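The task is simple: from the sequences and hints, build the whole structure.
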Amino acid sequence: MPSRFLRKSRCSVALLEVNDLFRSFGGLRAVDQVSFTVPNGMIKGIIGPNGAGKTTLFNLIAGSLVAESGTIFFDGRPVSGLPPHRIAARGIARTYQNVKIFRQMTVLENVMVGCHQRSRGGFLAGMLRLPFTVREERRVRARSLELLEMLGLPEVADQDASALAFGRQRSVELARALALEPRLILLDEPAAGLNIRETVQLAQTVRSIRDLGITVLIVEHDMSLIMDISDEIVVLDFGRKIAEGTAQQVRRDPEVIRVYLGDEDAEG
Amino acid sequence: MFSRALVVVLAAVVGLVSCAQQEEPIKVGAIFSVTGPASFLGAPAARTAQMMVDSVNAAGGIAGRQVRLLLRDSVADPQRAISFARQLIEEEEVFAIIGPSTSGESMQLKSLCNDAQTILISCAAAETIVDPVAPYVFKTPQKDSDAVRRIYETMNDLGIQRIGVTASNTGFGAAGRAQLETLAPEYGIDIAIAEVYDRAATDLTAVVTKIRAENVEAVVNWSIEPAQSIIPRNMRQIAFDVPLFQSHGFGNIQYVREAGEAAEGIIFPAGRLLVADLLPDDHPQKEVLQKYKADYETRFNEEVSTFGGHAYDALALLFNAIEVAGGDREATRDALQNTTGLVGTAGIFNLSPTDHNGLDKDAFAMLTVRDGAFVLYEQE
Amino acid sequence: MSSELIIQYILSGVTSGSVYAIVAIGFNIIYNTTGIINFAQGEFVMLGGMIAISLVPFMPLPMAVALAVVITAAVGALAQIAFIRWLKRPHVLQLIIITIGLSILLREAALHIWDEKVRSLPYFTGTVVTSVRIFGAYVSPQVFWVLGVCGAAVVLLSLFFGRTLIGQAMRACSADPLAATLCGINQKNMVTLSFVISAALGALAGCVVSPITQTHYECGTPLAIKGFTVAIVGGLGNSTGAVAAGLLLGIIEAFSISIMPMAYKDIIAISILLAVLSYRPTGLFVRREVGALKEF
Amino acid sequence: MSREWVPFGALAATVILIQLVTMFTNTQYYLTQLIMAALYSIVVIGLCLLMGYAGQISLGHAGFFAIGGYTAAVGTTLNLLPHRDHVLVRMAERAGLTIQTTNSWGVDILYFSPWITLLAALLLSGVISLLIGIPVLRLRGHYLAMATLGFGAIIYYILLGSRFLGEADGIYDVPGFGLPGGFTFDGARNNRVLSYYFVWALVIGLMVLMHNLVNSRPGRALRAIHGNEPAAMAMGVDTARYKLSLFVLSAVCAALGGVFMAHYNGGMGPTEAGTLKAVRYVAIVAVGGMASLWGTLGASVVLNFLSLRGYFGSLDDAVFGVVLITVMLVAPDGILRRLGMYTLRRNRDTAPDAFPVSAEKQVQRGTA
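If you read the protein sequences in the order shown, they are chains A, B, C and D. Mapping to the working numbering: the first sequence position 17 is 17, numbers consecutive. Positions in the second sequence are counted from 1; adding 268 to them yields the working numbering. Positions in the third sequence are counted from 1; adding 648 to them yields the working numbering. Positions in the fourth sequence are counted from 1; adding 944 to them yields the working numbering.
Quick caveat, the hints were computed from the structure, so don't treat them as lab data. Hints may contain errors.
Some chain D residues judged to face chain C by a derived CB distance under 7 Å, without partners named [said to hold, decoys possible]:
no.	residue
1	I1001
2	L1075
3	P1079
4	G1085
5	H1086
6	Y1087
7	A1089
8	G1094
9	I1098
10	Y1101
11	G1105
12	A1230
13	P1276
In the DSSO-like style, the derived pairs of lysine-lysine whose C-alpha atoms are separated by at most 27 Å in a straight line are [to be verified]:
no.	chain 1	residue 1	chain 2	residue 2
14	B	K559	C	K765
15	B	K295	B	K561
16	B	K561	C	K765
17	B	K559	B	K295
18	B	K629	B	K559
19	B	K554	B	K629
Computed list of chain B residues with no C-beta within reach of chain C, every gap over 10 Å [unchecked claim]:
no.	residue
20	L426
21	V510
22	L546
23	E598
24	A603
These numbers come from a predicted model, not from an experiment. The C-beta atom is built at its ideal place from N, Cα and C for all residues, glycine as well.
In structure tokens, the structure reads:
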């Protein structure tokens, strides 16, 4: 498998490279000349106060929004300007801050949609149930159940996903993203709305995702969580990157303390 | 909700079954566009048919049997007309079917009724319904070609040579337009321009402007829709003062009223129903026409139109043939196609095995509009 | 083509265009308040004409028109209250289907209340054959009535939506129903009111166009399709744009008739609709940026 | 047989049972309307998928039905004898793709085999739906409804305005569809039972295909689009392509219904492309519960059967209007589901909700 080999050879290079990304809404500079890289196999956190442009940055990377200027390279190839489904096909999966579950589909089916990119069957094959689609379907189902198992959801596989509790919907969304077999996963505030026990579990899950060889880019408000799990952290404020480094470095950064932690203290 | 619907359906089915348990009347099917785009034709026809059947039954029926009219509203939809025709033929085993009033539906039913050996007396104008002749298919309205001939003869008298034609995009309009184009050379008429407008047209100023630019000496409009009142209005509004000829589709006083002053002087061929009272007393049709007109107008409180007359003629022909032949269908068909001298509203019917219409161009009189009423053009 | 002929085509385009425009404005009112298209708008036009025609033998024309407008507005209110008002968060597909159903019901009701016959109101000024001469071409004075009502409607509506509190409240409902509710606006009443106004305007349109177009129970849908085309081309919600687009479409149709068979007239009009919808759904007279905020 | 196929077996059994009952009670004429209802059902099955599973409304499917019907009607009534010297005609004749016969009026005619016109109809409707779908499917809601309505109206006016297509009269004297085994699918009384089994086999076959599709990879993707479009895109679903493919598929279904309707009734008129027909199809899907193939089939058969038998009389359109509004007011997700009779598979409610409240929109509005 030469392609696999090639990919491996680039492992030392950054998996995701964001250069001078810019996007505004009307007069608001939501993401303002942001650059950073995410090396392969790393958990990278993004923090910043509300409205700092974190979700916009995710939307730009995932292709839901198009940048006005700047470039994004994934695995050494440009992905800026591609539609979301093509970016997903390249191997970037995501979850949402406000969970976006497929309503009126079962949990299992939700996860199976995640396998979309990793299966082939088209309209005609689906209608005729060609043997290869039957095999494929079996494989996809088994793989999805595996993921549900991993995230502790096997018993709800046949339930309507939108009827689940919020925390479990998050897990379904995560399983769905993992089903894509991504190389990079974007997690948008995965701990929001979770209780303490679930948050602890989440930290464990994120680490095990990394252990599967998937690079993680995570936006989170829960400071202890993100400081705990991130290898590196990017700090955004009003769309600009104000700091980048390990948790230790960032925590000591005067700029960060001023605009971010200072705020937190004031609020707290 | 669902169970209530089920009850309604069951009730309908039961009702239908119980209806069928009566003694043997002659069943006559009628398929008319009582509502929908061709309701101008179908509604008066359906009323007429009901009236005729009622009066025949009150008088003791035909050949000693009562007549049952099975009326279906096709909404001018051929698929529904076909479904109803099959239903009437196979299930009700009707003796004959009258209608429909559009040529599109009639042509769809032509082979169907012929193959099923059920008499179909169409109330639509197009000549293709009886040409080629199908043994079981008849029609009562006058021939389009005869209407055209009468118009062209009048034009020859008036010395008109160059004309413009407008027609609606219905079967009636298309058939008339085709006849106008076919027969023009025979009468030395030059059609400078022919335009088709939508049956729902609301303003035709642009099209009459276009025709005016062609310097024509007369305009012929061929339609059955309300738009035929718009044409004269728009012509007068743009001061386009050439004679306007209309088709026999103009045979409804409603359209004259709609066109108001602009209708004055319109010349058109029509059966004599519209001018029944103006006919000389010795005219063979006068009595029939006056009676139908009086009956219809008293019962339905609206003016009679020639379209209802076509249904009258269809039933008159059918009843006459049944009287002659008794209850046998084959014999009735033979009697029908050998009917001669039957006085109807459209003219005097003289059918033959090769002519399943039986009207000639004398069935048409040229009419015109004076003071908001129809008058005979010859008397002008 | 002589200049006189060109003017005649333009005038005939203005005649039909003014009819389209006034129907289009009715679509805009409901759209501006609710963001939905009322597929039964054409039936309001038909109802207005029919009611006025039935009343005119018993009273003077202006009174018949006024009464027809009031009755149709009441029908609009009733329809909205019965079929739309009490729905909790209706889906757009649901609203489309309900208004389509409503249009069928109103049409069938008209068929059974009146009949299949065609009728029309008398000309407001002059008679069927009166016409006004402009540069050697002719136009019916009724056209000025239609244009006048169009103009008045545009001015009054812009004053209403721009200057009056209730008008601004109605616009707020469309822009952001939640925020409007939070500001104490009774959103449901505003939507009902928009149906009342658009039904009233539709009825008025039905009355002024009736002498030109004639009225019968089926005339609503064709008028609605043209009216909608014009509303889209002019930019939904923009009544000035609707008038401009109406006249433009009328004139395009008139000239299309001058060079090709009339049978293609409606195909051209609807193709324009499809082209505008596909490539510039904001309409021709609205800036793209404004349209970018809408969801198509 | 797995439980999945039980409903199909039940449907097949019902079809056979009805035929046997009508045979023993001598009421075979009921089959006529059941055949026509089945043909209209083919249209709404396709439309059900488009509306219920992908959430796209179309008021243009009557247009595709007419495209199918007219292609079949024109192809099989166009007399090729005068053009016999044309290369294409000669080639077709040599390849056995034409039929020569004498029609009921004693005229010799040579026409294309219905198989050729069937293929042509499906291709034509596929290509046209593709061309129209690319720009139009970018629209949503009212805009999509109006655009598809406009498309249907264009087809209607083209049919009315072309002499070649018979203008308002439409096309008549369309021959039957010759099938292997010497049996002809047409409206003749002695072919009725076989015609009945043929169309119902077609319907059941189509139902199986559609059922498979709904439960396959593309079907899941479509339901995901309906469930949450942005998330579906982020999962790698090419939403535009899937919507377009489904639009084409449903258009081809409509054309298929049209082709066999033309052969069964021996003709087709322009009213088939009319707006009211399109509204009827939408109404039936709505009554059936939007995303319920079985509900749609049931609604289609019942409503079409009653309408074609004339039970509604002159109130036919009014009945459809009332049904439309009632269903939308009382049970927008369909009557069957309202009554709790909706069980497509083991688990409840696996099909997408017809009218999910747009959480997306709520959120956007809330934070705007």
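Quiz item: Which of the listed hints are not met by the structure?
Solution: 2
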